[in-house]
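Trainee: Below, each chain spelled out in residue letters.
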Amino acid sequence: MKKAQFQFAWIFAVIVGALILFLAFYFAGTFLLQQRHEQTTVETQFLDIITDPFSYLGSMGATTYKQLELPKEYEIIIECSTSTSMEMLGKNTITLMEKNEAGIQRNLYNKYLYFEQPFKAKKINALSKPFEMPWRVSDIIIFWPADQEYCFVDAPFKIKNEVERLEIETIKTETKKINCEENAITVCFEGGNCDVVVYDSKIEKDDGTIYYTGDALMYAGIFSDKLIYDCNLKRLASRLNTQALIYEEKSLSLLQKGCSINYNLQNIKEISSQIADPNKFISATSIENLQKEADALGRANSNYCTLF
Amino acid sequence: MKRKNKKAQVKIQEMAFVLLAVVFLVALLFLFFARFQYSQLQESVTQVREARTITMLSVVASLPELRCSSSFSSASEIACIDKDKVDVFNKGGNIRKKYTKIWQAAQISKITIDEIYPEGQSYLIYTQEPGESTETYATYIPLCEETTGNLKCVVAKIRITTNMP
Chain B
1 MKKAQFQFAW IFAVIVGALI LFLAFYFAGT FLLQQRHEQT TVETQFLDII
51 TDPFSYLGSM GATTYKQLEL PKEYEIIIEC STSTSMEMLG KNTITLMEKN
101 EAGIQRNLYN KYLYFEQPFK AKKINALSKP FEMPWRVSDI IIFWPADQEY
151 CFVDAPFKIK NEVERLEIET IKTETKKINC EENAITVCFE GGNCDVVVYD
201 SKIEKDDGTI YYTGDALMYA GIFSDKLIYD CNLKRLASRL NTQALIYEEK
251 SLSLLQKGCS INYNLQNIKE ISSQIADPNK FISATSIENL QKEADALGRA
301 NSNYCTLF
Chain S
309 MKRKNKKAQV KIQEMAFVLL AVVFLVALLF LFFARFQYSQ LQESVTQVRE
359 ARTITMLSVV ASLPELRCSS SFSSASEIAC IDKDKVDVFN KGGNIRKKYT
409 KIWQAAQISK ITIDEIYPEG QSYLIYTQEP GESTETYATY IPLCEETTGN
459 LKCVVAKIRI TTNMP
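If you read the sequences in order, they're chains B and S. Final position of the first sequence in this note's numbering is 308; the numbers increase by one with none missing. Final position of the second sequence in this note's numbering is 473; the numbers increase by one with none missing.
Here chain B stands alone, though its shape is the one from the complex (with noise of 0.2 angstroms):
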């Protein structure tokens, strides 16, 4: 009997204990993944507002240039959305993902993000510049990893200027391709042998051919995969498309006050409306047709009268 009594309470002591440790490692290990979630969710908030290239990067509509630091090493994960009749204008994903762990995905309206997958960095370059269209549509935001290596061979002097202003060290400027070191990503300007070959108006690379119209684009089509570069761009066309319709509301306005010139918005309304439409595919043909209409908005746009 006594040896009975004395078997229950080790049986009754092991398994409440067990219990104990049970609880105390479950509660311990989802306080660790919450933690890490937590973590990982603040970390993309703080990628949102960085990117905010008026409260962080730089001055508003010009080309700046930063190095970005996480706190450690993350997979960043950046969606793209065209717009849908909820979500008017689209939107950017991002998320940020610590060993199979992600973080809550944050949601971008008003941010356009370039970028080639897969994307695994601590230190992040940013390089954002803006669309113009002609008025300042949106400024774009080029992500690439710090660790990574370009070179622009034979680069307009234009690029090579630039370049060497905003002193982006991950950006090599060459004459030639032998030079550029083994592992970068070399980018050939008027044909060539390399990774990525830019064009007039296009731009070659392994995942297919991109069309650009000025230097903001031209930057986005090098760095970024052909996925999330359509995708963007008629974000981007739909977005001006709006605007457009804010500028025809503004020229009636200017109309009224005395002014004499009538703007005409209609043709790029329809052109952007037509690169925005998610089931079309963007041709050079449009791109070309859009630059020809804001050049021609541009010369119309008058000091006396100024639309935009």
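Do not take every clue at face value.
Here are the simulated DSS-like pairs of lysine-lysine, each with C-alpha atoms no more than 25 angstroms apart in a straight line [what the hints assert, rightly or not]: (1) B:K269 to S:K460; (2) S:K399 to B:K257; (3) B:K160 to B:K172; (4) B:K123 to B:K172; (5) S:K460 to B:K257; (6) S:K405 to B:K269; (7) B:K158 to B:K172; (8) B:K176 to B:K205; (9) B:K269 to S:K399; (10) B:K160 to B:K176; (11) B:K202 to B:K269.
Where chain B lies over chain S, by a calculated footprint (3+ residues, C-beta under 8 angstroms) [unchecked claim]: (12) 321-331; (13) 347-356; (14) 387-393; (15) 406-418.
Everything labelled a hint here was simulated from the structure, so no lab data went into it. Note that beta-carbon positions come from the ideal geometry of N, C-alpha and C, so glycine has one too.
Put chain S on the given structure of chain B with help from the hints.
Mentor: Just chain S, lined up with the frame of chain B:
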């Protein structure tokens, strides 16, 4: 024999109570710790949201849809808001609707621009049902209007109301 049996039962009961007390104490400590963590988290959310709102003040002021035209002779380097563009938002309709998600993502419930010197019109950029707790941040900015060859500016105040956790 019976007495010894009873004594053993009392001992087991004692042990059970002690273990129960330990579990209860651990649970209490855990609850206390969770509460502490929650308040810390809430504080950091508030801080991030405040930083976001202050950032949004400059974002709103420099939004191409509201900002003065870059070619305004005296406004190319200074931040100012275009009255004609603000008017479009003030009318509401589809334009205001298109930018809803941008403000919602930043937990903003209201954006207004008020002419304060000389005192004049108020413009509504965005509004939605506010949360239980809100905080309003404001900054001063020139509100300019393009007239034939001239730029007419007044002092305005942008107010952003944000939902707090």
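Trainee: Under the constraints set out in the numbered hints, which ones does this structure not fulfil?
Mentor: The structure conflicts with hint 1 only, although it agrees with all the remaining ones.
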